[in-house]
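Sequence lines, in order, name chains A and B. Counting in our numbering, the first sequence runs from 783 upward without gaps. Counting in our numbering, the second sequence runs from 18 upward without gaps.
Please note that a few of the clues may not be correct.
Pulled from the structure, derived: some chain A residues nowhere near chain B, Cβ distances all over 10 angstroms [unchecked claim]:
id, residue
1, 807
2, 849
3, 850
4, 885
5, 952
6, 1009
7, 1159
8, 1173
9, 1191
10, 1195
11, 1209
12, 1217
13, 1221
14, 1226
15, 1233
Each pair of labels, with its calculated beta carbon distance range [said to hold, decoys possible]:
id, chain 1, residue 1, chain 2, residue 2, range
16, A, 1193, B, 38, 31 to 41 angstroms
17, A, 1193, B, 434, 55 to 65 angstroms
18, B, 133, A, 941, 39 to 49 angstroms
19, A, 1267, B, 184, 50 to 60 angstroms
20, B, 454, A, 1225, 43 to 53 angstroms
21, B, 84, A, 1157, 33 to 43 angstroms
22, B, 39, A, 847, 38 to 48 angstroms
As a list, the in silico SDA-like pairs of lysine to any residue whose alpha-carbon atoms are at most 20 angstroms apart [as the list claims (entries may be wrong)]:
id, chain 1, residue 1, chain 2, residue 2
23, B, 498, B, 138
24, A, 1157, B, 498
25, A, 1154, B, 303
26, A, 1154, B, 138
27, A, 1154, B, 498
28, A, 1157, B, 136
These are computed hints drawn from the structure, not numbers from a lab. Bear in mind that the values here come from a model prediction, so they are computed numbers and not experimental data. Every residue, glycine too, gets a C-beta built ideally from N, C-alpha and C.
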Amino acid sequence: MMIPLADLVTILPELIVVSVACLLLVLDPITPSNKKDLLAWMSVATLGICFIMTAGSMGDRVFAFSDLVVVDGYASFWKLLLYVVSGMTILLSIGYLKEERIDLAEFYGFVLLSLTGMMIMVSGADLLVIYLGIELMSISLYIMAGFKRFEARSIESSAKYFILGAFSSGLLLYGISLIFGAAGSTRLVEIAAAVEARGLDDSLILIALMLVIVGFGFKVAAVPFHMWTPDVYQGAPTSVTAFMAVASKAASFGAFLRVMLEGFGGMKPNWNGLILGVCILTLILGNLVAIVQTNVKRMLAYSSIAHAGYALIGLVVAGWVGTGVSAKGVSSMMLYLAVYSFMTLGAFSIVAILRRGGNEGEDLDDFTGLAKRHKGAAFLMLLFMVSLAGIPPTAGFIGKFYLFMAAVNAGLTWLAVVGLIFAAVSAFYYLRVVMVMYMREPSPDQENETRLALSPTATVVLALAAAGVVLFGLYPWPLVSLTATASLP
Amino acid sequence: MPSRNERILIDVSSGGFPWLTLVVFLPVLGVAVILLFEEALAKWVALGVSSLVFLVSLPLWVLFDESTPAMQFVESHQWIASPSINYTVGVDGISLPLVLLTTLLTPLCVLVSWTAIETRVREFMISLLVMETATLGVFVSLDFVLFYVFWETMLIPMYLLIGIWGGPNRVYAAIKFFLYTLAGSILLLVAIIVLYFYAGENSFDILMLSNAEYPAWLQAWLFWAFFAAFAVKVPMFPFHTWLPDAHVEAPTAGSVMLASVLLKLGAYGFLRFSLPMLPDATQRFTSVVIFLSVVAIIYGAYMAFAQADLKKLIAYSSVSHMGFVTLGIFVLNAQGIEGAILQMVNHGITTGALFLCVGIVYERTHSREIADNAGLAASMPVYASFLVIFALSSVGLPGMNSFVGEFFVLLGTFMWNKAVATAAALGVILAAAYILWMLQRVIYGIPAQHMASKLHDMNWREIGTLAPLAFFVFWIGLYPKPLLDVMHASVDHLVQKQAKVMTVDEELPLPRWERARPELVEGAGVRVKPMEPETR
Chain A
783 MMIPLADLVT ILPELIVVSV ACLLLVLDPI TPSNKKDLLA WMSVATLGIC
833 FIMTAGSMGD RVFAFSDLVV VDGYASFWKL LLYVVSGMTI LLSIGYLKEE
883 RIDLAEFYGF VLLSLTGMMI MVSGADLLVI YLGIELMSIS LYIMAGFKRF
933 EARSIESSAK YFILGAFSSG LLLYGISLIF GAAGSTRLVE IAAAVEARGL
983 DDSLILIALM LVIVGFGFKV AAVPFHMWTP DVYQGAPTSV TAFMAVASKA
1033 ASFGAFLRVM LEGFGGMKPN WNGLILGVCI LTLILGNLVA IVQTNVKRML
1083 AYSSIAHAGY ALIGLVVAGW VGTGVSAKGV SSMMLYLAVY SFMTLGAFSI
1133 VAILRRGGNE GEDLDDFTGL AKRHKGAAFL MLLFMVSLAG IPPTAGFIGK
1183 FYLFMAAVNA GLTWLAVVGL IFAAVSAFYY LRVVMVMYMR EPSPDQENET
1233 RLALSPTATV VLALAAAGVV LFGLYPWPLV SLTATASLP
Chain B
18 MPSRNERILI DVSSGGFPWL TLVVFLPVLG VAVILLFEEA LAKWVALGVS
68 SLVFLVSLPL WVLFDESTPA MQFVESHQWI ASPSINYTVG VDGISLPLVL
118 LTTLLTPLCV LVSWTAIETR VREFMISLLV METATLGVFV SLDFVLFYVF
168 WETMLIPMYL LIGIWGGPNR VYAAIKFFLY TLAGSILLLV AIIVLYFYAG
218 ENSFDILMLS NAEYPAWLQA WLFWAFFAAF AVKVPMFPFH TWLPDAHVEA
268 PTAGSVMLAS VLLKLGAYGF LRFSLPMLPD ATQRFTSVVI FLSVVAIIYG
318 AYMAFAQADL KKLIAYSSVS HMGFVTLGIF VLNAQGIEGA ILQMVNHGIT
368 TGALFLCVGI VYERTHSREI ADNAGLAASM PVYASFLVIF ALSSVGLPGM
418 NSFVGEFFVL LGTFMWNKAV ATAAALGVIL AAAYILWMLQ RVIYGIPAQH
468 MASKLHDMNW REIGTLAPLA FFVFWIGLYP KPLLDVMHAS VDHLVQKQAK
518 VMTVDEELPL PRWERARPEL VEGAGVRVKP MEPETR
């Protein structure tokens, strides 16, 4: 069997990324240890090339491999975001891995492998293809989470992630198999046709739908499928946590939305109530539990759960039956996750550069008086915290504003009120970090520590994240118009 | 883009020069300059920039056309295309006095912090200047989203001002201030979005939204959503509890900014949004708000009696004075509203000055207790004179600024209901009592022995801080006409809109859409001519 060349060209970015990933794994053992940075730069360059390719083909809608894969504006948007996020993760890791003494170049290989999985997820037009993408992403992440292999916390994180990840994948796969039984295919188009033909009361499809939602619920860390998140996020190396919190969440949401709309779009009334419930639970639990955290990484883990709740508002709106409402929900969620990526990566980067020598840099106490010791780092953290709390003029406000616009447009004014109430609650724990940094005096020990683990590349990452938070806060139109055109119909 | 009758409301008297943008963003430019220079120069740069902002804001006053209620110095640029959000700014007779108040007070805040702020001066000045931009932005925004952005932006610098440079309990006060005001603004944002969809204009333009018609149930809903945001900021009883904490803990400049500028934002919100956009709901709920205002007047005064801490005393007197402002606004006649705006300016000047006075003496004695700061007349005669001036102004002595404002408010209230006016007047008497009692102790009391060595009179910088405010106390007190002239047209416009609703409600029980027809209500808004202040 010959694979048509056109199909291969369609997935050229995926092919490039996966080839470079394999190449990195091969090159790692034969690269002298002082030249390992070159491999990191090689992967960043690869991402740059792929970014240009994807951006260049933006707007086309091409199917490949007999409709198993689709490359449309929607997929391209997520891919562009994922390139940026992966690139920032790699740049952050260059210095951070050295600090943690785990600077193996195969790390970058796993980032790229995981990225390949994510790209397949957002481009999959078939449940099995999406499942393969999820597995490729997850398995790479399991390894990355346990990269500090001499540290119990990291191993625990990896094992927990693996067990719960495998469990959720199993549920998803079970759902897919039921769908195959009901629809005779796993392609989204044919699932949609089966939903159309068999009506809303086919119990097989309903059970399958439920299992799919649970499976994706695990991946996006929505309540009540969030239990793995805090431990995994806290134990994993910080740059991996950032990558998980941002990239894997974005890709999972991207695939989730496509499956729900393109596969199960015909039965929106059956699932939007369920998503609504999950959304509200996620908002409540994520925000309330974050209040009591004293470890910044763990707090950010709960905050990432809370933000999944906000993003789910977009999915609820997308599932609301009404003319022109759905697309607004999709684009507002895309915008929100893009904005979320910048601010969350920024916050984790600050945690990463505080890690120096014996200092973990992740406890709230490690931030005490940071404004006295490192003005720049403290100010950037202030910026990211304010943005996460959704206070203007930062990008976090713009993201929330569009979500609530979409919600009110769909007639869900009360949901916007609930979202805003929890935004106010979240201000409490985000501002506590600001308070600790600005309003407490550093201890004598802390004053003696004069340096941050700030590598030049980490500076670039922080600058990018801060630029994203400020620029998209002051002038969000480029991002807004991009999400509007790339939105699913 | 303005449609229908809004066109008349926009005139460009600026000759195309972006005065407002310059005024609003000059402080932020100052932040960049501060970052360029070393720490020691920060206060000089801040003083220079904020004085420059004041100078640049003066042409607004000079070029302002008093004959029209229209927005002036209007600039409009597209910010976000979909949904249509514009950078639209402009001032009318309601916002102009408040803009000038803000630009006047910021340099004074820098001056009073000259030696009081010793640590992290650069960050302090940056917070102050960002604060100025945000508050000015709120007063000039003509787009609701732009308004909200400025409205919320302000929280961060104020949070830092209280939390970093404040008193012992500063962290608690800062977070309380922040969460209170943030929680109040929740419904405001939802209300803004709801307005966008219900007005059917697909616009956040404040003037367009003001001219749209909303069903009564929606107006009621929106009214309380606005109320939550604005009442917390004013602050109205019973949402005032953050204020004493914030005032007491904030550094002097923070207290002045809070009292003189921040508290005005809530009252301004009522005037700019609640009254013109929701006339029916305003009519319906006005008695509730008036009741709360009178309670605030008396309760604030009553609480002020009990305070041994000078700042707390002034903080509670603020609650009382701001009660007059909301009272004046919601009696919905020209006298009341003009009095309220005047009272907003007066309160900004007088209470700002009183906080400056407390700050000046605190720098010497490091105590805000009345007992520690007693009997200052002998050792600090110049200071004592200024304190007497501002305290008497706060009491509302004729010939001083507050008298005019309170007089107008009470006049307007008398026209609304005599019993309410009597109750409010009781607040004036109480104010006289607690202020004079405070004066008696601080000026003529028995000096605390352990403080005697620390009491030296004011230097030229401090006199320079207070003198401009004393000047305005007498100017507004003796000749308020220039200030009132600026307001007349805009307030008339506002009152007429209310009068239309009022008359139609009483005489023509027609559905809402019928009422909107202007021919039905021609000549309905009968306005009682305001008393010319000079002839009083």
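Inset, instruction - Mind checking the hinted window 31 to 41 angstroms against the Cβ distance between residue 1193 of chain A and residue 38 of chain B? - result: holds, 38 angstroms
Inset, instruction - Evaluate the condition: distance from the CB of residue 952 of chain A to the nearest CB of chain B exceeds 10 angstroms. - result: Holds, because the least Cβ-Cβ distance between residue 952 of chain A and chain B comes to about 41 angstroms, which exceeds 10 angstroms.
Legend entry - Assertion that residue 1209 of chain A lies farther than 10 angstroms from chain B (Cβ): violated, 5 angstroms
Legend entry - Pair hint outcome, residue 1154 of chain A versus residue 498 of chain B [Cα-Cα no greater than 20 angstroms]: Distance of about 50 angstroms is beyond 20 angstroms: violated.
Inset, instruction - Check the following: the C-beta atoms of residue 454 of chain B and residue 1225 of chain A are separated by a distance inside 43 to 53 angstroms. - result: holds, 46 angstroms
Inset, instruction - Could you grab the alpha-carbon distance between residue 1154 of chain A and residue 303 of chain B and see if it respects the 20 angstroms cut-off? - result: violated, 50 angstroms
Legend entry - Supplied distance hint 50 to 60 angstroms, evaluated on CB atoms of residue 1267 of chain A and residue 184 of chain B: Holds: the Cβ-Cβ distance is about 53 angstroms, inside 50 to 60 angstroms.
Inset, instruction - Hey, is residue 885 of chain A genuinely clear of chain B, shortest beta carbon separation above 10 angstroms? - result: Non-interface label stands for residue 885 of chain A: nearest chain B Cβ at 35 angstroms, farther than 10 angstroms.
Inset, instruction - Evaluate the given range 33 to 43 angstroms for the C-beta pair formed by residue 84 of chain B and residue 1157 of chain A. - result: The hint (33 to 43 angstroms, Cβ to Cβ) is violated, given that residue 84 of chain B and residue 1157 of chain A are roughly 51 angstroms apart.
Inset, instruction - Compute the least Cβ-Cβ separation between residue 1009 of chain A and chain B, then decide whether it is above 10 angstroms. - result: Holds: least Cβ distance 29 angstroms, greater than 10 angstroms.
Legend entry - residue 847 of chain A and residue 39 of chain B - C-beta distance against the hinted 38 to 48 angstroms: About 59 angstroms separates the Cβ atoms of residue 39 of chain B and residue 847 of chain A, which means 38 to 48 angstroms is violated.
Legend entry - 55 to 65 angstroms as the expected CB spacing between residue 434 of chain B and residue 1193 of chain A, which holds or is violated: Roughly 41 angstroms apart at Cβ, these two residues miss the hinted range, so it is violated.
Of the numbered hints listed earlier, those contradicted by the structure are 8, 9, 10, 11, 12, 13, 17, 18, 21, 22, 23, 24, 25 and 27.
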